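Peer 1: Chain by chain, the residues run as shown.
2 protein chains.
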Amino acid sequence: MTDASPFADPKNLDDKIEETARFAPKFGADGLLPVVATEAGTGRLLMLAYMNEAALAKTIETGEAWYWSRSRGELWRKGATSGHVQKIAEIRTDCDQDAIELVVEQTGPACHTNRKSCFYRIVVSADKLKMKD
Amino acid sequence: MTDASPFADPKNLDDKIEETARFAPKFGADGLLPVVATEAGTGRLLMLAYMNEAALAKTIETGEAWYWSRSRGELWRKGATSGHVQKIAEIRTDCDQDAIELVVEQTGPACHTNRKSCFYRIVVSADKLKMKD
Numbered sequence: 000m001t002d003a004s005p006f007a008d009p010k011n012l013d014d015k016i017e018e019t020a021r022f023a024p025k026f027g028a029d030g031l032l033p034v035v036a037t038e039a040g041t042g043r044l045l046m047l048a049y050m051n052e053a054a055l056a057k058t059i060e061t062g063e064a065w066y067w068s069r070s071r072g073e074l075w076r077k078g079a080t081s082g083h084v085q086k087i088a089e090i091r092t093d094c095d096q097d098a099i100e101l102v103v104e105q106t107g108p109a110c111h112t113n114r115k116s117c118f119y120r121i122v123v124s125a126d127k128l129k130m131k132d
Numbered sequence: 000m001t002d003a004s005p006f007a008d009p010k011n012l013d014d015k016i017e018e019t020a021r022f023a024p025k026f027g028a029d030g031l032l033p034v035v036a037t038e039a040g041t042g043r044l045l046m047l048a049y050m051n052e053a054a055l056a057k058t059i060e061t062g063e064a065w066y067w068s069r070s071r072g073e074l075w076r077k078g079a080t081s082g083h084v085q086k087i088a089e090i091r092t093d094c095d096q097d098a099i100e101l102v103v104e105q106t107g108p109a110c111h112t113n114r115k116s117c118f119y120r121i122v123v124s125a126d127k128l129k130m131k132d
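Here the protein sequences come in this chain order: E and Z.
Residue 0 is where the first sequence starts when you use numbering that gives the first Met the number 0, and the numbers rise one by one after that.
Residue 0 is where the second sequence starts when you use numbering that gives the first Met the number 0, and the numbers rise one by one after that.
Some clues are possibly wrong.
If we take Cβ atoms under 10 Å as the criterion, some of the chain Z residues that face chain E in the derived model are [unchecked claim]:
#, residue
1, Pro5
2, Pro9
3, Asn11
4, Thr19
5, Ala23
6, Phe26
7, Ala28
8, Asp29
9, Gly62
10, Glu63
11, Ile90
12, Thr92
13, Cys110
14, Phe118
15, Ile121
With a straight-line Cα cutoff of 16 Å, these simulated EDC-like cross-link-like pairs (lysine to aspartate or glutamate) come out [said to hold, decoys possible]:
#, chain 1, residue 1, chain 2, residue 2
16, Z, Lys129, E, Glu63
17, Z, Lys129, E, Glu18
18, Z, Lys115, E, Glu18
19, Z, Lys86, Z, Glu63
20, Z, Lys115, E, Asp126
21, E, Lys129, Z, Glu89
22, E, Lys115, Z, Glu18
23, E, Lys127, Z, Asp13
24, E, Lys10, E, Asp95
25, Z, Lys127, E, Asp14
26, E, Lys25, Z, Glu17
27, Z, Lys129, E, Glu89
28, Z, Lys127, E, Glu89
29, E, Lys127, Z, Asp95
30, Z, Lys127, E, Glu60
31, E, Lys127, Z, Asp126
32, E, Lys57, Z, Glu18
33, E, Lys115, E, Asp132
34, Z, Lys129, E, Asp14
35, E, Lys127, Z, Glu38
36, Z, Lys115, Z, Glu104
37, E, Lys86, E, Glu17
38, E, Lys10, E, Glu38
39, Z, Lys25, E, Asp126
40, Z, Lys127, E, Asp95
Simulated from the structure, these hints should not be mistaken for lab results.
As the structure is a prediction and not an experimental result, all values here were calculated from the model.
Every residue, glycine too, gets a C-beta built ideally from N, C-alpha and C.
Next comes chain E alone, as it looks inside the complex (with noise of 0.2 Å):
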């Protein structure tokens, strides 16, 4: 947590994480914090990815999904080369504010292999995967 944060330190809280109606979000010793994204309508969870403070600031600021490129170590606006952007619907945080649910109006696929959602195989057996449908 920097001075330039533009969030509360959970840290600081009068009231219990869990009830309060401040906006606190608790980000990992990395930095990060884990972001769900369903879709709008249909509840669908579509990805996980990682926001750090800059991205979680952008897409509140813009209304599109920006995420943090863990493997390529920057900043990503969702849809930036692909055309499959993310329009935000809703931002909400879980119970102890360190996980964040964007729900969204997804544009085409929000997997990078061209599929609907990222969760396209199930596990079949500690080694086996099956693909879904």
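Add chain Z to chain E, keeping to what the hints say.
Peer 2: Structure of chain Z alone, referenced to chain E:
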């Protein structure tokens, strides 16, 4: 990844991790994977938690959700004290195999605050939350 791991090492795949039928979960540097629990039937997002290898192995073996509690530093059978167990309908993994979706039949509320889902607050600004509904 220890020698005793029941899971394949993602470094030893013949196929691309996105297309392989081999389950080779990519645990983080902290030995954990983020896990999203969704409700069987509705697909509704219930909670986000973490698993280590032992939790994932026990979940596959028993058909009930086991997690790793980061705050308590211990394996945790969901519902062990509350009775709010999660019966596994399906386990899914994502394109990169670094996240898990558990499709569950949830007994009682999923959240420790006794709400159905942990995501019961909406972010209305960088500083403010409001309760859903």
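Peer 1: Evaluate each hint against the coordinates.
Peer 2: Hints, one by one, checked against the model:
Taken as an interface hint, Pro5 (chain Z) checks out: its beta carbon lies about 5 Å from the nearest beta carbon of chain E, inside 10 Å. Interface restraint check: Pro9 (chain Z) against chain E, minimum CB-CB distance 12 Å, threshold 10 Å, status violated. Hint status for Asn11 (chain Z) relative to chain E: violated, with the closest Cβ pair at about 12 Å, above 10 Å. Taking 10 Å as the C-beta contact cut-off toward chain E, the hint placing Thr19 (chain Z) at the interface holds, the least distance being around 7 Å.
Annotation: interface hint on Ala23 (chain Z) holds; nearest CB of chain E at approximately 9 Å, less than 10 Å. Here the hint on Phe26 (chain Z) is broken, as its CB sits about 14 Å from the closest CB of chain E, past 10 Å. At its closest, the beta carbon of Ala28 (chain Z) sits 9 Å from a beta carbon of chain E; the interface hint therefore holds under the 10 Å criterion. For Asp29 (chain Z), the shortest C-beta to C-beta distance to chain E is roughly 9 Å, which falls under 10 Å, so the interface hint holds.
With its C-beta approaching chain E no nearer than about 12 Å, Gly62 (chain Z) sits outside the 10 Å limit, and its interface hint is violated. For the restraint placing Glu63 (chain Z) at the interface with chain E, the shortest Cβ-Cβ distance is roughly 15 Å, beyond the 10 Å limit, so the hint is violated. A hinted interface residue such as Ile90 (chain Z) counts as satisfied when its beta carbon comes closer than 10 Å to some beta carbon of chain E; here the least separation is about 4 Å, so the hint holds. Restraint check, Thr92 (chain Z) versus chain E: the minimum CB separation of about 6 Å is within 10 Å; hint holds.
This hint holds: Cys110 (chain Z) has a C-beta 6 Å from the nearest C-beta of chain E, less than the 10 Å allowed. Look at Phe118 (chain Z): its Cβ gets to within about 4 Å of chain E, closer than 10 Å, so that hint holds up. Because the smallest distance between the Cβ of Ile121 (chain Z) and any Cβ of chain E comes to about 6 Å, under 10 Å, the interface hint for this residue holds. For the proposed pair Lys129 (chain Z) and Glu63 (chain E), the alpha carbon gap of about 20 Å is over 16 Å, so the pair is violated.
Our distance criterion of 16 Å between C-alpha atoms is met by Lys129 (chain Z) and Glu18 (chain E), whose separation comes to about 10 Å. Between Lys115 (chain Z) and Glu18 (chain E) the CA atoms are separated by roughly 15 Å; this keeps the pair inside 16 Å, and the hint holds. A distance of roughly 5 Å separates the Cα atoms of Lys86 (chain Z) and Glu63 (chain Z); the hinted pair therefore holds under the 16 Å criterion. Using a Cα cut-off of 16 Å, the hinted pair Lys115 (chain Z) and Asp126 (chain E) is violated, with the two alpha carbons roughly 32 Å apart.
Only pairs whose Cα atoms come within 16 Å are accepted, and Lys129 (chain E) paired with Glu89 (chain Z) is accepted, the gap being roughly 12 Å. As the CA atoms of Lys115 (chain E) and Glu18 (chain Z) are separated by approximately 15 Å, the hinted pair is consistent with the 16 Å bound. Simply put, Lys127 (chain E) and Asp13 (chain Z) have alpha-carbon atoms about 14 Å apart, close enough for the 16 Å limit, and the pair holds. The suggested pairing of Lys10 (chain E) with Asp95 (chain E) holds, with an alpha-carbon distance near 12 Å, which does not exceed 16 Å.
About 13 Å separates the Cα atoms of Lys127 (chain Z) and Asp14 (chain E), which keeps this hinted pair within 16 Å; it holds. For a cut-off of 16 Å, the pair hint linking Lys25 (chain E) to Glu17 (chain Z) is broken: about 30 Å separates their Cα positions. Between Lys129 (chain Z) and Glu89 (chain E), the direct Cα distance comes to roughly 12 Å. Compliance with the 16 Å bound is thereby established for this hinted pair. For the given pair, Lys127 (chain Z) sits about 13 Å from Glu89 (chain E) by alpha-carbon distance, which is consistent with the 16 Å threshold.
Only pairs whose Cα atoms come within 16 Å are accepted, and Lys127 (chain E) paired with Asp95 (chain Z) is accepted, the gap being roughly 15 Å. At most 16 Å may separate the alpha-carbon atoms for a hinted pair to count; Lys127 (chain Z) and Glu60 (chain E) meet this at roughly 14 Å. As the CA atoms of Lys127 (chain E) and Asp126 (chain Z) are separated by approximately 44 Å, the hinted pair breaks the 16 Å bound. Simply put, Lys57 (chain E) and Glu18 (chain Z) have alpha-carbon atoms about 33 Å apart, too far for the 16 Å limit, and the pair is violated.
The suggested pairing of Lys115 (chain E) with Asp132 (chain E) holds, with an alpha-carbon distance near 13 Å, which does not exceed 16 Å. Distance hint between Lys129 (chain Z) and Asp14 (chain E) is fulfilled; the C-alpha atoms sit about 14 Å from each other, no more than 16 Å. Taking the CA atoms of Lys127 (chain E) and Glu38 (chain Z), the gap is about 23 Å. The hint is violated against a cut of 16 Å. Between Lys115 (chain Z) and Glu104 (chain Z) the CA atoms are separated by roughly 12 Å; this keeps the pair inside 16 Å, and the hint holds.
With a CA separation close to 27 Å, the supplied pair Lys86 (chain E) and Glu17 (chain E) exceeds the 16 Å bound. Restraint check: the Cα-Cα separation between Lys10 (chain E) and Glu38 (chain E) comes to about 32 Å, which exceeds 16 Å; the hinted pair is violated. Of the pairs offered as hints, the one joining Lys25 (chain Z) and Asp126 (chain E) holds, with about 13 Å between alpha carbons and a cut-off of 16 Å not exceeded. Our distance criterion of 16 Å between C-alpha atoms is met by Lys127 (chain Z) and Asp95 (chain E), whose separation comes to about 15 Å.
In summary, the structure is inconsistent with hints 2, 3, 6, 9, 10, 16, 20, 26, 31, 32, 35, 37, 38 from the numbered list given earlier, while agreeing with the others.
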